[in-house]
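Trainee: Each chain, letter by letter, is given below.
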Amino acid sequence: MAKRIDVSDLDIYYGNFKAVEGVNISIEPRSITALIGPSGCGKSTFLRSLNRMHEVIPGARVEGKVVIDGQDLYGAGVDPVDVRRQIGMVFQRPNPFPTMSIYDNVVAGVRLNSTKMKKSAMDDLVERSLKGANLWNEVKDRLNRPGSGLSGGQQQRLCIARAIAVEPEVLLMDEPCSALDPISTLAIEDLMTELKERFTIVIVTHNMQQAARVSTSTGFFNLNGVGQPGRLIEFNPTEKIFSNPEEKATEDYISGRFG
Amino acid sequence: MTATKAPTEPPAQRTVRRPGDRIFAGAARGSGIFILLVLAGVAAFLISEAIPALTAASSEIPDGKGLGPYIGPLVLGTLLGAVIALLVATPLAVGIALFITYYAPRRIAATMGYVIDLLAAIPSVVYGFWGLAVLAPKLVPFHAWAADHLGFLPFFAGPASASGRTMLTVGIVLGVMILPIISAISREVFSQAPALHREAALALGATRWEMIKMAVLPYGKSGVIAGSMLGLGRALGETMAVAIILSGGAGATVNLISNSNPSTIASNIALRFPEATGIGVNTLIASGLALFLITLAVNMLARWIVNRRADFSGAN
Ligand SMILES: Nc1ncnc2c1ncn2[C@@H]1O[C@H](COP(=O)(O)OP(=O)(O)OP(=O)(O)O)[C@@H](O)[C@H]1O
Ligand SMILES: [Mg+2]
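Which chain is which? The protein sequence lines are U and Z, in order. Be aware that the first sequence starts at 1, since it is given in UniProt numbering, and climbs by one per residue. Be aware that the second sequence starts at 1, since it is given in UniProt numbering, and climbs by one per residue.
Treat the hints with care, as some may be off.
[As the list claims (entries may be wrong)] Here are the simulated DSS-like pairs of lysine-lysine, each with C-alpha atoms no more than 25 Å apart in a straight line: (1) Z/213 with U/118; (2) U/140 with U/3; (3) U/116 with Z/138; (4) U/140 with U/119; (5) U/131 with U/118; (6) U/131 with U/119; (7) Z/213 with U/119; (8) U/119 with U/65; (9) U/3 with U/131.
Hints listed in this document are in silico derivations from the structure and should not be mistaken for laboratory results.
Using the sequences plus the hints, can you model the full thing?
Mentor: Written out as structure tokens, the structure reads:
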């Protein structure tokens, strides 16, 4: 059910502050797109505009178009709640619901969709999602314990399980591995490669090797100075970005000659 | 969940205590001991003064029927009024707190916050007169309606009071009185529900109400309980408002809408104490001891409820 995303002339604001300017990008279905760039250049802001999480912040707004398979997300009459049900998100800091068990965390999104489900179907879904997130073996004996009792890496995989349990069309991930050890990171990267078969994935990362390892395309964001809006400088297949980038700024950044 | 910085210094071999630290520790320990002493003093006073009433013959107790029959209806009246107050105030307070924190535009929310806080600043005598002069007459039709339609419940057995000076009215007045306490504390905890979890819910496609159910209410639950218990404490001990509204003094009955109502412990003490002599004083103090124990039990119950699911509370 993966879908393509077309963004045109997107400006993103926090109140009067323009954080991101003039983004044009086309993201292919069943691909992994990595967004890289220096801190504060608007990667998270852009990512959050793709599932209308940006406007949750008071005063935050967006101008421009985000079209997913022909449907404009910001069109009149589009309910952000429906958008978010189709486009899952994994945050930088693991955020399982602390008052819910591991089991309830996984099905939290499914319960929202209000389709009544048999207990057995629910159990299957939990097992499938946790296996999909590479967590099943570690938690299968304590599904009724609170999710907050897991390690950071386990919590992050629980959040991934929660996001994929609702079978979203697109999965957005904001630095999902920044708090994880190399082994959990590799586990999540393998997971992304598997999930790519079914979902369109957009991931923000500061880890160049990670971008090079997992992504099919890479977008480089940069900003000209403090207080200036961030811009998408270059968007190309990952191989090209890392071997022969079009822009000097991209080359400087990935080769560490930044700033 | 925030990453705590690792201590930068190696653990000292011999701990050096700075004077500021020592002074603060001493002051804190002193305050702790002081509050325990005050509590012990009050409890000792209540118990020692209550003993004569506990050991006296039933005929010596005012009304001549013994201590149990004297205090029993008062305990019942106290609990009835307080429970009604809680039933009225808690849902309303939670609703107000949610509205202020998550629904109202910012300016309206701030104003409403002040208005609610103002409710807490009104002295209880004023509530008493308001209950007597305004609310009681207004509630008379409801009393009649309840007697007609809900009469099968012992609470509404009737006959309906024509003055409205009933346990039901008292309970509602007490509810309004404790509303600001509960809503202030609920508002505080609701507004602290972590953005991390609120955003997690929204990103899953939760509506605002679903977000509140998933990420705000579970987080704020123990705060709401704590607020309710504070309110309950106030309702249990409220004296003036009850003394003004209720004609009291009837025996034990759970009928909330008739003219004969049990009094409450606190208002009974206030009304009777000036004329009490001898064993009568001890009896009143014994009823005070009962109130003390009820309040203690309520607080312990609240603590138990709050701690019961501590590992699911989000505090870890
Ligand atoms: N809630 C907010 N309110 C106002 N300004 C914000 C808010 N969040 C981010 N910004 C601003 O928007 C700009 C882009 O921030 P953003 O978080 O998108 O950067 P980023 O590229 O994700 O950085 P990092 O790599 O450090 O996560 C920054 O200038 C930041 O200060
Ligand atoms: Mg970011």
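Trainee: Would you mind marking each hint as holding or not holding in the structure?
Mentor: How the hints compare with the structure:
Proposed proximity of residue 213 of chain Z and residue 118 of chain U is supported: the alpha carbons are some 22 Å apart, at most 25 Å. Between residue 140 of chain U and residue 3 of chain U, the direct Cα distance comes to roughly 32 Å. Violation of the 25 Å bound is thereby established for this hinted pair. Distance check on the hinted pair: residue 116 of chain U and residue 138 of chain Z sit about 46 Å apart at the alpha-carbon level, beyond 25 Å; violated. Distance hint between residue 140 of chain U and residue 119 of chain U is fulfilled; the C-alpha atoms sit about 16 Å from each other, no more than 25 Å.
The suggested pairing of residue 131 of chain U with residue 118 of chain U holds, with an alpha-carbon distance near 20 Å, which does not exceed 25 Å. A threshold of 25 Å between alpha carbons decides the hint, and for residue 131 of chain U with residue 119 of chain U the separation of about 18 Å falls inside it, so the pair holds. Simply put, residue 213 of chain Z and residue 119 of chain U have alpha-carbon atoms about 22 Å apart, close enough for the 25 Å limit, and the pair holds. Restraint check: the Cα-Cα separation between residue 119 of chain U and residue 65 of chain U comes to about 41 Å, which exceeds 25 Å; the hinted pair is violated.
Between residue 3 of chain U and residue 131 of chain U the CA atoms are separated by roughly 24 Å; this keeps the pair inside 25 Å, and the hint holds.
Hint check: violations occur at hints 2, 3 and 8; the rest are consistent with the structure.
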